[in-house]
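Participant: Below, each chain spelled out in residue letters.
Protein chains: 2
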Amino acid sequence: MIRSRDNEQLKTIRKLQQKRWRDKLDLFVAEGEDLVEAGWEPEFVLVAGEDVEPGLLAAASSLGSGTRAIGVYRRRWARPGGRLSVYLHRVADPGNVGAVIRSAHALCDGPVVLGPGCADPFSPKAVRASMGSLFARPPARARFDELQGTLVALDPHEGISLPELELSAPVVLCLGGEREGLPPELGGVRAGIPLRHGGPESLNVAMAATVALYDVANRMAADA
Amino acid sequence: MIRSRDNEQLKTIRKLQQKRWRDKLDLFVAEGEDLVEAGWEPEFVLVAGEDVEPGLLAAASSLGSGTRAIGVYRRRWARPGGRLSVYLHRVADPGNVGAVIRSAHALCDGPVVLGPGCADPFSPKAVRASMGSLFARPPARARFDELQGTLVALDPHEGISLPELELSAPVVLCLGGEREGLPPELGGVRAGIPLRHGGPESLNVAMAATVALYDVANRMAADA
Numbered sequence: 001m002i003r004s005r006d007n008e009q010l011k012t013i014r015k016l017q018q019k020r021w022r023d024k025l026d027l028f029v030a031e032g033e034d035l036v037e038a039g040w041e042p043e044f045v046l047v048a049g050e051d052v053e054p055g056l057l058a059a060a061s062s063l064g065s066g067t068r069a070i071g072v073y074r075r076r077w078a079r080p081g082g083r084l085s086v087y088l089h090r091v092a093d094p095g096n097v098g099a100v101i102r103s104a105h106a107l108c109d110g111p112v113v114l115g116p117g118c119a120d121p122f123s124p125k126a127v128r129a130s131m132g133s134l135f136a137r138p139p140a141r142a143r144f145d146e147l148q149g150t151l152v153a154l155d156p157h158e159g160i161s162l163p164e165l166e167l168s169a170p171v172v173l174c175l176g177g178e179r180e181g182l183p184p185e186l187g188g189v190r191a192g193i194p195l196r197h198g199g200p201e202s203l204n205v206a207m208a209a210t211v212a213l214y215d216v217a218n219r220m221a222a223d224a
Numbered sequence: 001m002i003r004s005r006d007n008e009q010l011k012t013i014r015k016l017q018q019k020r021w022r023d024k025l026d027l028f029v030a031e032g033e034d035l036v037e038a039g040w041e042p043e044f045v046l047v048a049g050e051d052v053e054p055g056l057l058a059a060a061s062s063l064g065s066g067t068r069a070i071g072v073y074r075r076r077w078a079r080p081g082g083r084l085s086v087y088l089h090r091v092a093d094p095g096n097v098g099a100v101i102r103s104a105h106a107l108c109d110g111p112v113v114l115g116p117g118c119a120d121p122f123s124p125k126a127v128r129a130s131m132g133s134l135f136a137r138p139p140a141r142a143r144f145d146e147l148q149g150t151l152v153a154l155d156p157h158e159g160i161s162l163p164e165l166e167l168s169a170p171v172v173l174c175l176g177g178e179r180e181g182l183p184p185e186l187g188g189v190r191a192g193i194p195l196r197h198g199g200p201e202s203l204n205v206a207m208a209a210t211v212a213l214y215d216v217a218n219r220m221a222a223d224a
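Chains as they are written, first to last, in the working numbering: chain F, 1 to 224; chain S, 1 to 224.
Be aware that one or more of the hints could be misleading.
Which copy is meant is left open, because identical chains are indistinguishable; a pair holds if it fits in one copy or across any two.
In silico DSS-like pairs for lysine-lysine, Cα to Cα no more than 30 Å straight-line [said to hold, decoys possible]:
no.: 1; residue 1: K19; residue 2: K125
no.: 2; residue 1: K125; residue 2: K24
no.: 3; residue 1: K125; residue 2: K15
no.: 4; residue 1: K11; residue 2: K24
Because the hints were derived from the structure by calculation, they are not lab data.
The structure presented is a predicted model; accordingly, all values stated were derived computationally and were not measured.
Chain F on its own, in the form it takes in the complex:
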């Protein structure tokens, strides 16, 4: 039973709250019993009351009190691919990145491809938002000019209505951060999710990704 905060495993967990340590050690942390159960082979797991005093584990957690288990894992990355996948460009909120990883796992066969300026998918908040889908479907990293297939640039301000776009696999749905959007050089087909007049100009980026995945995945399934 670990009874000192100077224990090396606890020190590692605390370090992995910071991106530079995740990059240096090539490790990350998953907090909570449900996530640890969903995880791949861990480097180590600490369970409160079994391996470590509960207060010490809570103090090492980034999610605050009540964490019953924390696992440390080696990072894995996938390659871009699949009939349908998502590319994110400068999506800086880790909760949004994690939520899109979960939605893509639920709705398409390809990974979430992270371009420049995205939040780290291995940050505690992104891992939590992915709810285990990070393990089942690790993200990929690529520049948009490395992607294969039809790029659909989701843009709330221009382009045709997404449901009117005829598509055949492979398709990559591309979304940018809420303020900047996508760079013009990305090219591809511009399309927007139809919204009510008088409402907001756009959906939250994770909502937009999920709706677009739902729309395109259903139509691709109907054509198949």
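Once you have looked at the hints, place chain S on chain F.
Facilitator: Just chain S, lined up with the frame of chain F:
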């Protein structure tokens, strides 16, 4: 120019980070220039560098440094109604509540109705996630037995596939918190969003609400 943290307006802003003060004063705070611009008639607005020293405004902010403007507003509530609306039951995450308010404003004509156990839609995090839609479309409060129309209970585990459900207005899409789901007494028609086999059991609740709104709103528009 306010130069003291003991200023009454700054004290009010700090108090309004707490729900009990929002309830007591019937006020709430919107942080950031974009939100303040989207807001209705404020009780007061403080702009950094014009009305108040920037450091003092940042210290009163719940979003951290860099806030250029904070407005204080009286709370408003809507009544349930509309051809299509959303009911949330024990959705405790303020970011999810705010995001659903934004999505509903974008996709349907009715408000988001908050049942018991939901996060306060007037908390700073929910206001931020709503991105101004809170002002344009304030939420309602009701118990599910007060709702009018067809209740569609979104349930990832049972019921028919949502796209196969024939619906006519008024429709209320009902979603529960991620762990507990909806109470059986809610009744209504059970329906689920079709997800891939082998993926996660469910989407994040805000994603599920948005996809369901998109699906049903498009079909109701096509029928109209």
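Participant: State the violated hints by number, sorted upward, taking the hints as numbered earlier in the document.
Facilitator: none
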